[in-house]
Structures are given as C-alpha cells and as structure tokens.
Amino acid sequence: MKSPHRTARLALVLCLSLTLAACGSDGAGGSDAVGEDGRVVVTVAIDAGLEQGAVDAFNERVEQFEASHSDVDIQPQEYTWSAATFTSQLAGGTIPDVFTVPFTDGRGLIEREQIADIADQVDRLPYADSFNPTVATAGQAPDGRQWAVPIAAYGQGLHYNRTLFTQAGLDPDRPPTTWPQVRAAARQIAERTGQTGYAQMTSDNTGGWILTTLDYAFGGRTESIRGEKATATLDTPEMTEALELVAAMRWEDESMGANFLYDWATINQDFAAGRIGMYVSGGGNYGNLVTQNAMRPADYGVAVLPLVDDPEAGVLGGGTLAVVSPKTGERTREAAVRWIDFYYMAKLTDKDAAVLDARTLAETGQPVGAPQLPVLDRATFDAARGWVKEYVNVPVDQLRPYTDAMFDQPLVTEPTRSTQEVYGILDTVVQTVLTDRDADIPALLADAQSQAQALLDRG
Amino acid sequence: MRHGGLAPLVFLLPMVLVFGLFSWGPIVQSVVMSVQRTNMVTGAEFVGLDNFAQVLADPLLWTAVRNTLWFAVLALVFGYPIPLVVAVLINEVRRRRGLFSALAYLPVVVPPVVAVLLWKFFFDAGPNGVFNTLLGAVGIGPLRWLQDADTAMPSLVLEATWAAAGSTVIIYLAALAAVPPELYEAAEIDGASIRRKVWHVTLPNLRGVLLVTFILQIIGTAQVFLEPFLFTGGGPANATTTVLLLIYDYAFADSLGGDYGAATALSLMLAAVLAVFSALYFRLTRSWSTS
Numbered sequence: 001m002k003s004p005h006r007t008a009r010l011a012l013v014l015c016l017s018l019t020l021a022a023c024g025s026d027g028a029g030g031s032d033a034v035g036e037d038g039r040v041v042v043t044v045a046i047d048a049g050l051e052q053g054a055v056d057a058f059n060e061r062v063e064q065f066e067a068s069h070s071d072v073d074i075q076p077q078e079y080t081w082s083a084a085t086f087t088s089q090l091a092g093g094t095i096p097d098v099f100t101v102p103f104t105d106g107r108g109l110i111e112r113e114q115i116a117d118i119a120d121q122v123d124r125l126p127y128a129d130s131f132n133p134t135v136a137t138a139g140q141a142p143d144g145r146q147w148a149v150p151i152a153a154y155g156q157g158l159h160y161n162r163t164l165f166t167q168a169g170l171d172p173d174r175p176p177t178t179w180p181q182v183r184a185a186a187r188q189i190a191e192r193t194g195q196t197g198y199a200q201m202t203s204d205n206t207g208g209w210i211l212t213t214l215d216y217a218f219g220g221r222t223e224s225i226r227g228e229k230a231t232a233t234l235d236t237p238e239m240t241e242a243l244e245l246v247a248a249m250r251w252e253d254e255s256m257g258a259n260f261l262y263d264w265a266t267i268n269q270d271f272a273a274g275r276i277g278m279y280v281s282g283g284g285n286y287g288n289l290v291t292q293n294a295m296r297p298a299d300y301g302v303a304v305l306p307l308v309d310d311p312e313a314g315v316l317g318g319g320t321l322a323v324v325s326p327k328t329g330e331r332t333r334e335a336a337v338r339w340i341d342f343y344y345m346a347k348l349t350d351k352d353a354a355v356l357d358a359r360t361l362a363e364t365g366q367p368v369g370a371p372q373l374p375v376l377d378r379a380t381f382d383a384a385r386g387w388v389k390e391y392v393n394v395p396v397d398q399l400r401p402y403t404d405a406m407f408d409q410p411l412v413t414e415p416t417r418s419t420q421e422v423y424g425i426l427d428t429v430v431q432t433v434l435t436d437r438d439a440d441i442p443a444l445l446a447d448a449q450s451q452a453q454a455l456l457d458r459g
Numbered sequence: 001m002r003h004g005g006l007a008p009l010v011f012l013l014p015m016v017l018v019f020g021l022f023s024w025g026p027i028v029q030s031v032v033m034s035v036q037r038t039n040m041v042t043g044a045e046f047v048g049l050d051n052f053a054q055v056l057a058d059p060l061l062w063t064a065v066r067n068t069l070w071f072a073v074l075a076l077v078f079g080y081p082i083p084l085v086v087a088v089l090i091n092e093v094r095r096r097r098g099l100f101s102a103l104a105y106l107p108v109v110v111p112p113v114v115a116v117l118l119w120k121f122f123f124d125a126g127p128n129g130v131f132n133t134l135l136g137a138v139g140i141g142p143l144r145w146l147q148d149a150d151t152a153m154p155s156l157v158l159e160a161t162w163a164a165a166g167s168t169v170i171i172y173l174a175a176l177a178a179v180p181p182e183l184y185e186a187a188e189i190d191g192a193s194i195r196r197k198v199w200h201v202t203l204p205n206l207r208g209v210l211l212v213t214f215i216l217q218i219i220g221t222a223q224v225f226l227e228p229f230l231f232t233g234g235g236p237a238n239a240t241t242t243v244l245l246l247i248y249d250y251a252f253a254d255s256l257g258g259d260y261g262a263a264t265a266l267s268l269m270l271a272a273v274l275a276v277f278s279a280l281y282f283r284l285t286r287s288w289s290t291s
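In order, the protein sequence lines correspond to chains A and B. Going by this note's numbering, the residue at position 315 of the first sequence is 315; the numbering climbs one at a time, nothing skipped. Going by this note's numbering, the residue at position 188 of the second sequence is 188; the numbering climbs one at a time, nothing skipped.
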C-alpha cells in the first residue's frame with residue numbers, strides 16, 4: 001500500500017463521501033406532483049392505528065371530495081404527528097402534504113418555517129374573518145398571517161372512570177368540583193378499589209403541559225409578556241399550591257398509583273383499561289380513548305376542571321391545526337387548502353357537509369358529538385351542533401358535567417414563548433415531586449424559574 | 001496491488017460505494033452539520049463553533065455525563081464479571097454444555113424492545129409488580145424500581161446485563177475452548193483446585209479477550225441509549241438521561257428537538273473522547289496483552 005496510488009485512492013474515496021453527503025441536503029421550495037391524468041396529487045394524513053370503521057369513513061370522504069373536485073387526486077397516508085420524527089421525515093420527503101399538529105407545536109413550526117405559508121389561500125375562505133380569535137392565534141405567524149388552520153379546539157377537562165367511582169362508593173353523576181374534592185375522591189378510589197385514584201402525565205413535556213393547566217386553575221400564569229420582553233413566572237404561590245396538592249396526594253394519601261412516568265399515550269391506555277380513576281387532559285379526548293384504546297363508553301365520564309375562587313383562574317385551552325408541508329408547490333397548496341376546507345372545516349360551517357360527515361361517521365361506528373369548543377363564532381358552532389343532533393352517538397349524559405359548564409369557564413391560551421421547552425423544564429419539577437418524598441418545592445421552582453428565564457432571554 | 005493499475009479500484013468500488021453511502025457519508029455530513037444551523041427546509045447557515053459552545057454550556061450535559069459514568073461503573077461491577085463466571089461454569093460442566101450455552105444466549109435472541117416491555121412489567125413499582133411480589137415473599141420491598149431517582153439506573157443496568165451477557169458468554173466460551181487442555185491436566189496433576197486453575201490457567205489465557213471485551217464494554221456503556229429511552233425517557237427528573245439520550249433529545253425530542261447542530265456537535269465530542277480513551281487504553285495495556 002505504499003504506492004503513489006494510495007493518495008489518489010484516498011482522494012477518490014473522500015470525494016465520493018463528500019458528494020454523497022451533499023446529496024443529503026436539499027434546497028428550499030416545493031414542487032407539484034401531477035398524475036398522468038393531469039390531476040394534482042395531494043397526500044393527506046390519516047391517523048395511524050385507526051379501527052377499520054374509521055378508515056372506511058375516511059376513504060368515503062376522500063371519494064366524496066374527488067367526485068366534486070375532479071382536478072385533485074387525494075392519496076391518504078397513515079401519519080400521526082410526532083415531533084421526534086417530523087424533521088427527518090420532512091428532510092426525507094415522506095411527510096404527507098396535509099397533516100395536523102397540536103396547537104403547542106404550531107408556533108415552533110411557523111417560527112422555523114417548517115410548514116408552508118398558506119395565508120393567501122386561507123384568506124380566500126368565506127369564513128376567514130370569523131375564526132374565534134383566541135383559537136386563531138395558535139396558527140398565526142407573529143405578523144398575524146394565518147399559516148395554519150385551526151380545526152378543533154378544546155379546554156382541559158377532568159376525565160374520570162364512572163365504574164371506579166361507583167365501586168369506590170362515589171356518585172358518578174356528581175364528580176368533584178373543587179380540588180379538595182378531587183383529592184378526597186382519589187383517596188377513596190385508591191383505598192376501596194386498589195386502582196390509582198388520580199394520575200398525572202409527567203413525560204415528553206406533558207408533565208409541563210398538565211402542571212401549567214393546574215397552575216392556570218389555581219389562578220397562575222407561567223409567563224408574562226410586555227412588548228417584546230417575556231418573563232417566566234414559574235416560581236409563584238399558585239404553582240407552589242398546585243405542586244403541594246400533587247405532593248400531598250402522592251405521599252400523604254398514596255392515591256396516585258405507582259407509575260410516575262406517564263406520557264399522553266400511556267396514560268390514555270391505562271385510563272381506558274380501568275386502572276386510573278381520574279386524570280387531567282384535553283376535554284375532547286373521548287374519541288382517542290374509545291377508537292384507539294378500546295375504552296368501554298359506559299366507563300367514561302368527564303367534568304370541567306375545578307377552578308379556585310380567583311378571578312385569574314382559568315382553563316388552559318388547546319386544539320388542532322391543519323397544516324401543509326413546505327415541500328409542496330403552488331397547485332398542491334391550493335388543492336390542500338380545498339381539502340382542509342372540505343374535510344375539516346365544511347362540517348363546521350355548512351349544513352349538508354356537517355350532516356354528510358356525521359352520517360358517515362355514525363354509519364361506520366365512529367363517535368359523533370364528543371365535546372369541543374368553537375373554532376369559529378359561537379352562533380355557527382351552535383348551528384352546527386343542531387344540524388347533526390340526530391347522529392350523535394356518544395353517551396351525552398355522561399359528558400354533561402363537562403358540556404353543561406364548559407362555556408362558563410374562562411379559556412386561557414397556552415404560553416406562547418418557547419412553549420415546549422418550558423414544559424420540558426416543568427417535566428423535571430413534577431417528576432421530582434412525584435418520585436422524591438423530600439423534594440424541596442420552593443428550590444425546584446426557583447431553579448426552573450431561572451432555567452426558563454434563560455431560555456426566554458435566548459429567544 | 002502495486003502493478004494492478006485500475007483493476008483493484010474497480011474491485012474496490014462496490015465496497016467503497018456501500019461504505020461511503022451508509023457509513024462515511026453520514027459521518028462527513030455530521031461533521032458539516034455540527035458547524036451549521038438548519039431547519040431542513042431552507043439552506044443551512046454556518047455558525048462556526050456555536051453549537052459546541054451551546055452544548056458545553058448546557059447544565060444537562062454534565063448530568064448526562066455523570067449518569068453515563070454511573071451506568072458504566074455499575075455495568076462494569078456487575079455486567080463485566082458475570083458473563084465470565086457463567087462461561088467458566090458452563091465450561092466446567094461435562095454434559096449438556098450446548099443446552100446451557102443456548103440458555104445463556106437466549107436473552108440476546110429476544111428483540112430488545114420486546115425485552116424492555118417485558119421488564120417494564122417486572123419493574124412495576126406497585127406492591128403487585130412481578131419483582132415486588134417475589135421480593136415481598138422474602139420480606140423485602142416493595143422497591144420503586146424505575147420510579148425513583150436512586151433505583152432507576154441500577155434497574156436499567158440489571159436489564160442491560162441480562163440482555164447483553166449472552167454474547168459475551170459465547171465469546172468467552174470460544175476463548176476457553178482454545179485454552180490447551182494439557183495445561184489443565186498439568187494443573188490437576190499438581191493438585192490444583194478449581195479456583196487455582198481459573199486463576200493460573202484460565203484467566204492468563206483469556207487475557208487478550210478480556211482486554212477486548214473490556215474496551216467494548218466501555219464503548220458500549222458510553223453509548224447506552226436503548227434502556228433509558230424505552231424505560232424512563234431519561235426520568236425520573238433526569239436521573240437516567242445519558243449522553244446518547246441527550247443527543248437524541250437535541251435532535252428529535254419535543255422540548256429540544258430539531259437541533260441537529262447541537263446533536264452532531266455532542267456526537268463528535270463523544271466520538272473524540274472514546275477514540276482518545278481507546279488509544280490510551282491500548283497503549284497502557286500493550287505491555288500486558290498476550291499478543
């Protein structure tokens with residue numbers, strides 16, 4: 001190997017590697033995929049792991065759309081939003097053209113320009129001016145352009161298992177309405193049924209999400225914004241009170257079971273399986289619990305979140321945004337917004353579409369009528385509810401503790417700056433409180449406060 | 001090679017292509033990315049050594065380094081000697097040696113994710129969890145296993161040792177088979193006990209293999225990812241966040257995700273540390289290696 005060729009070989013190999021490496025990076029800008037028949041191909045996300053009935057319902061909606069939009073070829077693709085795989089899938093070109101993301105992730109995607117700016121197309125929709133303002137902001141860039149379409153909104157709720165309530169000697173029609181009642185009910189469930197009385201998410205930023213929910217319910221806020229300056233407000237009496245409640249349930253009452261590393265998927269599984277008495281999550285969670293986790297509808301109950309007697313106390317709101325991949329061309333984007341309008345929005349604004357959607361869902365055994373908050377104005381929302389009344393198949397009476405009171409509660413949007421990062425910091429706080437009996441809550445909060453402020457200062 | 005002209009290159013090409021595409025390509029790309037900031041949509045921006053500075057200033061890095069070292073120490077204390085003991089015992093058995101080897105190797109055959117899901121049940125921290133029921137029978141516990149910052153890491157080591165021991169056992173068994181039997185015969189004639197045979201015959205003959213498995217174990221534990229990722233996600237309260245999990249979190253997780261610059265910067269630093277460690281280790285042990 002001492003020949004002069006050695007250098008040449010090495011150079012060849014290096015050149016090759018660099019060329020290959022260069023292949024990996026892709027420039028900006030998108031293109032349209034057009035089929036042989038001249039139709040523009042739009043890949044649209046359908047949740048992974050749905051029951052066959054739900055898949056059938058989706059496919060039927062695709063056929064209905066294609067029948068009335070002859071220039072578009074809709075290709076469903078199984079895809080469920082995951083921040084973990086998103087960027088790599090985006091780089092690899094395997095993200096569908098239309099998909100949905102939670103409000104929480106929308107702002108980061110817009111800031112990083114990882115979704116397409118479809119504001120021009122959205123502005124042409126007839127209802128563009130009537131979005132509920134607190135909901136619309138979740139899909140807006142700082143300059144107010146609507147990059148993403150809010151398609152569903154919810155407030156957090158207290159989900160509970162009616163069967164466990166009954167077994168524990170509690171009245172499932174009268175769920176707790178104050179935090180001391182939640183604590184007492186959790187204790188009673190744990191003592192009498194042996195199951196977890198109250199559980200809380202702690203992992204993958206859901207710990208911060210739920211802790212922020214409790215903080216709001218106790219009258220706190222996790223950030224305050226004056227002009228351009230954002231200040232973290234984690235180290236507050238309200239947050240302390242929320243954590244002390246959790247610590248008391250965990251260590252004094254021992255009513256929180258034995259798993260303190262729940263995330264959204266795992267807590268839904270355990271709740272649907274009847275291992276958890278109560279937990280806090282989005283009020284519209286019924287669909288996931290029943291269609292993806294096979295929960296028995298008879299077990300399910302949901303109530304509004306207890307709020308303390310404080311004018312600042314409110315319910316953390318959230319929701320879902322429909323977004324378009326930045327790798328799409330102009331024609332695809334235009335068709336994508338028409339699909340969003342047809343599949344997600346028309347059922348909220350148009351009687352025929354609403355009835356068609358509800359009937360399709362009901363005929364395929366999918367839930368119709370799970371609790372939601374208005375994406376558009378309240379009048380449109382009430383009208384849409386009325387159109388589909390006869391198809392509602394969810395256990396309406398069991399949802400009453402939530403639906404009867406949800407409009408009376410002030411809805412507060414999630415923190416807007418570095419939302420997920422601050423949630424991540426709070427994950428550690430709530431995990432410590434739940435796994436360390438001697439956790440020093442003031443010290444934990446002081447530390448979280450300085451970490452979050454450093455994050456916000458970095459912008 | 002010297003007079004082959006282009007022929008060797010042509011023969012080399014398939015290997016170079018595959019190796020370049022799947023090994024060197026990503027390595028070169030990660031070096032490039034470590035000095036860039038990118039969102040994978042618009043063009044990447046050159047940021048010099050900012051990513052390295054950012055990683056070094058992250059307090060989580062030192063937590064992750066401490067945790068990784070803790071895992072490495074625990075894995076060395078428990079994970080390193082156990083396969084050796086098992087291999088020597090199997091080697092001493094006269095009958096059904098194949099069966100015992102197969103049993104020792106079985107955990108390696110179980111897909112890691114399946115094994116972790118299984119062990120999650122075992123580690124259930126409730127009084128009715130599998131391990132807690134067993135320990136309860138002898139009056140211990142219930143332990144909190146993964147649900148406590150103090151016991152989470154040892155729990156991961158327990159599973160990791162169970163999962164990985166089989167491969168090392170097979171390596172030791174192969175090495176043991178190469179030990180000349182006449183050495184044992186001579187020792188037996190001299191009246192040596194099993195312990196003395198192991199100490200004076202087995203271990204000296206395994207020295208080369210032991211050195212290699214030691215360095216492999218260190219490199220393996222420095223890159224521990226699967227267990228903390230699947231069992232705890234780095235919790236409770238970052239007690240099991242390891243360096244590789246932190247790299248993953250930089251690149252993919254919800255809270256820090258999308259920061260490929262920081263992820264590749266930390267990857268390069270880890271690779272550099274391991275390379276230096278390996279070089280030092282081989283230099284220091286060259287004198288007492290069998291070769």
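Derived by calculation from the structure, the hints in this document are not laboratory data. Honestly, I wouldn't trust all of these hints.
[Claimed, not checked] So these bits of chain B aren't anywhere near chain A, every CB distance computed over 10 Å:
1) VAL35
2) MET40
3) PRO204
4) LEU210
[Stated by the list, open to error] One side of the interface only, derived from the structure: several residues of chain A facing chain B at Cβ under 7 Å:
5) VAL72
6) ASP73
7) GLN89
8) GLY92
9) TYR344
10) THR432
Built from N, CA and C at the ideal position, the CB exists for glycine as well.
If you check each hint against the structure, which ones fail? Hints 2, 5, 6, 7, 8 and 9 are the ones this structure does not satisfy, whereas the remaining hints hold.
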